[in-house]
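Residue numbers (the working numbering), protein chains in the order written: chain A, 6 to 324; chain B, 6 to 324; chain C, 6 to 324; chain D, 6 to 324.
Treat the hints as calculated values from the structure; they're not laboratory data. Being a predicted model, the structure only gives us computed values, none of them experimental. Each hint should be verified, as a subset may be incorrect.
Remember, identical chains collapse to one label, so a pair may be satisfied in a single copy or spanning two.
[What the hints assert, rightly or not] The calculated lysine-lysine pairs, modelled on DSBU-like cross-linking and capped at a C-alpha distance of 30 angstroms, are:
id, residue 1, residue 2
1, Lys138, Lys171
2, Lys298, Lys138
3, Lys171, Lys298
4, Lys171, Lys189
4 protein chains.
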Amino acid sequence: MKTLDAAARGVYLITVTPFTDSGALDLASTDRMVDFCLDKGVSGLTVLGIMGEAPKLTAEESRVFVRQVLARVAGRVPVVVGVSAPGFAPMRELTESVMALGASGVMVAPPSTVRTDDQIAAYFEMVNETFSKIGTGGAAVPWVLQDHPVATGVQMTAGVITRVLKNSPSCVMLKHEDCPGLNKLAAIRAASDKSEIRHVSILCGNGGGLFLPEELSRGADGAMTGFAYPEMMVDVCRAHESGHVERAHDLFDAYLPLARYEQQQGIGLAVRKHLLAMRGVIASAMARRPAPKLSAADVADIERLVRRQDRRLAELGAA
Amino acid sequence: MKTLDAAARGVYLITVTPFTDSGALDLASTDRMVDFCLDKGVSGLTVLGIMGEAPKLTAEESRVFVRQVLARVAGRVPVVVGVSAPGFAPMRELTESVMALGASGVMVAPPSTVRTDDQIAAYFEMVNETFSKIGTGGAAVPWVLQDHPVATGVQMTAGVITRVLKNSPSCVMLKHEDCPGLNKLAAIRAASDKSEIRHVSILCGNGGGLFLPEELSRGADGAMTGFAYPEMMVDVCRAHESGHVERAHDLFDAYLPLARYEQQQGIGLAVRKHLLAMRGVIASAMARRPAPKLSAADVADIERLVRRQDRRLAELGAA
Amino acid sequence: MKTLDAAARGVYLITVTPFTDSGALDLASTDRMVDFCLDKGVSGLTVLGIMGEAPKLTAEESRVFVRQVLARVAGRVPVVVGVSAPGFAPMRELTESVMALGASGVMVAPPSTVRTDDQIAAYFEMVNETFSKIGTGGAAVPWVLQDHPVATGVQMTAGVITRVLKNSPSCVMLKHEDCPGLNKLAAIRAASDKSEIRHVSILCGNGGGLFLPEELSRGADGAMTGFAYPEMMVDVCRAHESGHVERAHDLFDAYLPLARYEQQQGIGLAVRKHLLAMRGVIASAMARRPAPKLSAADVADIERLVRRQDRRLAELGAA
Amino acid sequence: MKTLDAAARGVYLITVTPFTDSGALDLASTDRMVDFCLDKGVSGLTVLGIMGEAPKLTAEESRVFVRQVLARVAGRVPVVVGVSAPGFAPMRELTESVMALGASGVMVAPPSTVRTDDQIAAYFEMVNETFSKIGTGGAAVPWVLQDHPVATGVQMTAGVITRVLKNSPSCVMLKHEDCPGLNKLAAIRAASDKSEIRHVSILCGNGGGLFLPEELSRGADGAMTGFAYPEMMVDVCRAHESGHVERAHDLFDAYLPLARYEQQQGIGLAVRKHLLAMRGVIASAMARRPAPKLSAADVADIERLVRRQDRRLAELGAA
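Only chain A is shown next, with the shape it has when bound in the complex (with noise of 0.2 angstroms):
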């Protein structure tokens, strides 16, 4: 198993869950899916996200998914699994069952009744207090800071931020996805230069990297989203590494169109699973319930996108 921590760099991809046809979990297609991934080049793998429809699997099937997934990556990239939860009593229970099963560390956004400063600092206290009692052997679990207000309506300032990392020394990494918040990030960013506060990974999230070129200029890591194509993450971050920013943007602008496609409100996870299953992927585009579906339409207009998609990176040398 590999460690999760604040050196961290590069694309964690947030996976989907595959399921059959009929809704059961899609084994064979999870692996097919990390080795796409681990072929594409990402640097790690976060499993259980609200794209990987967590709240619809048992726990069972949770477990059987994280198992399933582990064991395919064998240790070559670090694994995160979503442990949000509305109690510290299941968040832990989840967190001591993946951390059993070999994974790298868990990641946790706050839940919508923190509102103040000093709510989310307390909250997370809680959660670095319920952390630091799991690791075996007297090691606390690594975790991710996930900012998403967005979807949990909770605004936190670079302040409170850098609040919480000084009072949680397992936290090593932020998953930064306020859209897009580039000064946030900056300002977050230049507290750990400065040594203000100790250097944690940050990976961005926003809408599948739609602000991803931008983000790595402000002092940005990496990437942690989804995306059907994420070979656009990793060479838009390895041009960008390598000091080729305008290369950087070229690659980001060929997929942006299909990639603000695939971040539509509502309907994103089956343009994103329609894609997987396109390239092979996984088998079946199958969400559970409540799911969006695809009309023809959108189907026609997914297929316009990609085909204009091949032929812009054709066009760069990057197909």
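Chain A is already provided as a structure; the job is to place chains B, C and D on it using the hints.
For chains B, C and D alone, kept in the frame of chain A given last:
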């Protein structure tokens, strides 16, 4: 096991979940709480609601607690279990589990993501289908539709509720807690009185029954809510049923100052557990984190209100 | 004109705006309402609040109404005007206009868009600056900070409120209506008692004073809210001030069943106007659309509650 | 004055409101902005929308600004004015005022308080009635129904929208900005194609037109939104109308990276005003408080994106 059906009347008490001072499930207090409720004359119990701290329990703790309640009730009154969940697989799993343990029915509130009339109707069709597949020997699981806009953000008109009831033959009860929605309650009752829809039980939940006398006058069959003095609801319902409406109001008014105090957003659960501990029902007022705490001044308020309530009840010959 | 200052005590009644049956401003009823409030012993009036249907008035109607109230009050008590607005230019314009007419001060709630502690503090710095530029001869406009999370969605901690008060020398009053936030109220009062902040008047607004006796015990200086029986708040405050705390509770409890009914979300305004018309204060219970309407059963409820209230007050020798 | 009617097509640009550096209305920039929009080929203008900082203007400033725009447009294209208001009296007052000045029609979004289908339908019946009483000589004011759930929180199904359209003969246009709601758009268009409802113009507003090519393919008649490069929307609409769908996508894709950046929540208005100042359209990028500010890094992002956009447009022979 008592069946939950559309003829249900009286008080279904929403119970708390007792913990020891260290936060473990307190099964001895659970037994005492069941005895206390039955002594006070409730017609049923509802467990694992929001005020039952359901989201703070592990799956195993939920099962243990439900099993204990059912064992102690021993079939004397129906027991309803809250099974609202963000996905149908966990909802079905929990429902199967508690029905197998001997529960009489389950209760579901809509998720905050359903908003339009069509979304509400579609959601409950999926709920109904989920429950129709569980009943052993072909019988569907009887279920309660919880209309609680303050908690869910979902506004259901009388029209949508009757639409759901028409589509859901196994929905036998409406938990009405639109605050207070007296005219909506009356409209739904009128629809069944005029045979536009079949009769379902309507139990009211507004803030510990803060509108109970008026709700009974509009045709409610009783209350499903929590209050550290369940005898208030029981006595008000009985007085009302026997035609003593002014007496029902007298009793209600005597408890109202404390009921109002217990219904405060935020610290309400702490007030309720404090009172139940004071009455000797549960051993500890402990609530799992994140949880409100009472200040010394809060406790002084409560003590004054209880003294005044005792005095007023004595004046009414009801102590 | 009476000045509004930090020593304000007693009841500042939130008035309705009377209309004729055809929906026009009813200035004769406005005069009667002012007389009624002063007869009942209020210490001040607050106009153009949410329950005053302020957003349903044209700018000219607002000015006409405020002018009429001020003329009738004739300087006997301070009159506060609600000036919350989405922008500072209209806020300043309305404030200049009502101060020129003779208002004693203005009241501002934060817009729902401010969320974090820093946003709240920054917003009220702009408010304070807006008002500091208006006073003639150098005096800033005295203003009231309205803390009303149910209406605004903005959660302000005691810490943020004291920060605002430190930054805003012309803020002389806090309208506390965090529901009910007794411990927050106590914390703010303690801060001024310990001279950490200067003293400001704290008037409470929770739902027609539904926690008034407890709020007075925690250090509130009175109430700023609406109820068709303002004598309730006046008498409770007087009894409390003269040390008769149990008497204050007795009076409060007598009015509580009706106060609770009048505080219903949605139809509360209709109940209040119905009662004021019943008492002969206003000629018509008309509210501008969109507006709730009372059913015959609602009216029957109200009539019963008034009869019971009269009887109980007679028992207490307070009728 | 041009009339607004159901045959409207093309781009109705949502304009900003130009201010001087000191925050006063800048009427010279207003004239330049009108000229700029007409030069770029827009079919209409929409003023006093959210991005027009309408709530930050005094009533008198609103009138001055609208008068200036109308004078400069001089009847060449229709001008629509946003008149959403929390009450019907101020809505009618503003509408009368701007129609008297020569506006072509008005636009209304529902308040966040309406939630159920019935509430939405009832609200717009009142809107329609408000506008039907204004038209001089018997003609009702043509109005635009704005469907913008991200801003209002109001979810309107295709069914509710067709119900509103049936009830409101003077509603001539739908501003579709449910994000992106392609299938909903198609359903409403299909209803008029099948004559279930009369034809209304459907203009799309999603985030500066971020789904414009797809929306046009689903039957939209054009766009009503803001972007510092209105020629994007104009050229995409023209290419699409003349059957050059791939060309429409090519143009769209060239502008997409910058359009995406300008659509960021929070700082979007600052980006738009910065770009308009950079292009020489307005003299100052000043926005009234509370307003976002661009950092140096934001400006660097913008400059890079403009350079890249210019290059890409040149490659496409469209610069």
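Structure-based check of each hint:
1. In this assembly of identical chains, the alpha carbons of Lys138 and Lys171 lie at most 30 angstroms apart only when taken from the same copy (18 angstroms versus 41 angstroms across copies).
2. Taking the shortest alpha-carbon separations for Lys298 and Lys138, only the inter-copy value of 24 angstroms comes in at or below 30 angstroms, while the best intra-copy value is 43 angstroms.
3. In this homomeric assembly, Lys171 and Lys298 come within 30 angstroms of each other (Cα to Cα) only across copies, at 26 angstroms, whereas the closest approach inside a single copy is 44 angstroms.
4. When the C-alpha separation of Lys171 and Lys189 is checked against a cutoff of 30 angstroms, the pair qualifies both within a copy, at 17 angstroms, and between copies, at 27 angstroms.
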